[in-house]
Amino acid sequence: MQKRWENKFKMEKSYIITVKNLSAGYSSRESNNIVFEKANFSIAKGEFVGVLGPNGAGKTTLFKLLLGILKPISGEISILGEKCKSSNCQTNCKIGYVPQRHTFNSESMIEALEIVRLGINGRKMGFSLPATSRKEKEEALEMLKIVGAKELAHRPLSALSGGELQRIFLAQALVGNPDILFLDEPLASLDIRRENEFVKLIKKTAEQRNITVLLIAHNINPLLPVLNKVIYVANARVLVGDASEVFTSKFLTKLYNSPVEVLRDSYGRIAIIGAEEGGHHHDHDHDHAHE
Amino acid sequence: MATITTTTMIMPMNNTMFSFNIFSDLKTMLQYDFMLHAFQAGTIVAIVAGIIGYFIVLRRSSFAAHALSHVGFTGAAGAVLIGINPIFGLFLFTMSGGVLIGILGRKAESRDVQIGTVLAFMLGLGVLFISLYRGYATEAYSLLFGEILGISSSNVLITLIAGIIIAVALACFYRPLLFVSLDEDVAEAKGLSIFWIGILFMLLIAAATSIAVQVVGVLLIFSLMVTPAAIAERLASKPTHGLIISVLIAVMSTWLGLFISFYLPYPVSFFITAIVFLIYILVRLIPYIRNLAFQKHYQKQI
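Chains A and Y supply the protein sequences, listed in that same order. Residues 7 to 297 (this note's numbering) make up the first sequence, in order. Residues 194 to 495 (this note's numbering) make up the second sequence, in order.
None of these hints come from the bench; they were simulated from the model.
Listed below are the simulated EDC-like cross-link pairs for lysine to aspartate or glutamate, each with C-alpha atoms no more than 20 angstroms apart in a straight line: (1) Y:K431 / A:E148; (2) Y:K431 / A:E145; (3) A:K141 / A:E157; (4) Y:K431 / A:E113; (5) Y:K431 / A:E144; (6) Y:K431 / A:E157; (7) A:K156 / A:E142; (8) Y:K431 / A:E142; (9) A:K235 / A:E213; (10) A:K143 / A:E157.
So the derived label-pair ranges between C-beta atoms look like this: (11) A:K100 / Y:L475: 42 to 50 angstroms; (12) A:Q106 / Y:L475: 37 to 45 angstroms; (13) A:K256 / Y:T433: 54 to 62 angstroms; (14) Y:V292 / A:E36: 29 to 37 angstroms; (15) Y:L449 / A:P162: 24 to 32 angstroms; (16) Y:L457 / A:P162: 34 to 42 angstroms.
For glycine and all other residues, C-beta sits at the position ideal for the given N, C-alpha and C.
So that you can see chain A by itself, here it is in the shape it has in the complex:
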């Protein structure tokens, strides 16, 4: 553990994720589609990054590229100092991932603790020895305590609400002591109060453990107090900046290539109002397809 922290300290100043000229796309029956082109950004250790943008802009695609599940059509990704080529690379063990939806049976009687344990031992071959098994169980319980879900440990997955499940998944992602967290819309199934609570929880845990967080969200507002950086994916482009830089009428108008207005209320909360956003977006995609 001590060594781990020392290593982390050495890497302090360097970038943990670097993306160069990254383009993503896929080929379908009608045409070749570009999701986004020439993305360039770097993320430093310990940063809390919000990934925002309209539906279908490629936020989840970006995560899958970073995880090595999808292959880019061009460009380079390096994570934790290693060039990432496929999802088998060792760096993936140091990434905690919470996908948008989980595939388990909604009637599953499997208890929450077992799902968290898979975060520790899911890749290992064979059965664990009784001593290791006990240690894993303790670690998983400890993590459930940290995310405030200790009382859910022995409840079946089918009996948990959306918000409770999010805590379980967060615990699963955190339990392997990751350096980076990828959270895909973790706030989607939460009410407003829980949204704020959950963001605070992620921020607190990430700070304590020096974890870099990338979080996809639809609504910027619950994230505003904690964000260091925003990755905005829209209109086949990926732009990066501070929240104050990105969420301005000028910046977003340029990005969308159509008039967008950013309003702020007295609390600093943001509302984005766009004219003909969908139409322009589509046209642009189409242009790229023929290039």
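Mind docking chain Y on chain A? Use the hints.
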């Protein structure tokens, strides 16, 4: 499967009567070689089917198991046609069918259409093989409904070896397989190959199906590979408990089925399927009964 010529699905008439002394009954029963082999092969198959069945249910791949058993039927029919041991045809076809299904449908949840297409083609081929074969139809019959009372000692040995290989492979891949079965996307993000684990799992189902066909036949494969596991999934909150329950139900039903069939002139596979189905229904009734009791309790309080 090798001694396919004397298909005795139904117990030969015997004069022994049920004596209410289970131990002496069992002793009488196991004096017969065919009964001893049936118990040996049945137990091995039930253990393997119980284990792999639990993963089949977790992955919701029961259609794949069903399809592979039918693909195996075609293979066995083909083997009979060219005059070799049907178990080899069964192995070959279920294995290649498993790989084909694994390649066509990468994700477990979206496989049923691909399985359907492979299944339809294979059954068509099976029909052709049977029509070409000029022997007795009893062979096809025994493949469809199992032939547990016609198992030779060499078949018990083949079953044992195959069973050990499957069980060891499952034990090695237990956690990655569990991870992929329960939480596919996260497992993939952690660097596990969904594709290769999927193929491996299909191969294991294929192998397990091949040996289980001897006991319950192609048509009744679910009775050992899916129903006990479905019961276990309803009852267990930990995967290890689920595996144990699944195996116990499969083994107990096989034993009980064999035991009953010794005294009654009806097929063993019927008894096995009936027993597991009965347990399944009982387990499904538990939540309703519990709810009813809760309602009564609540109404009394007001």
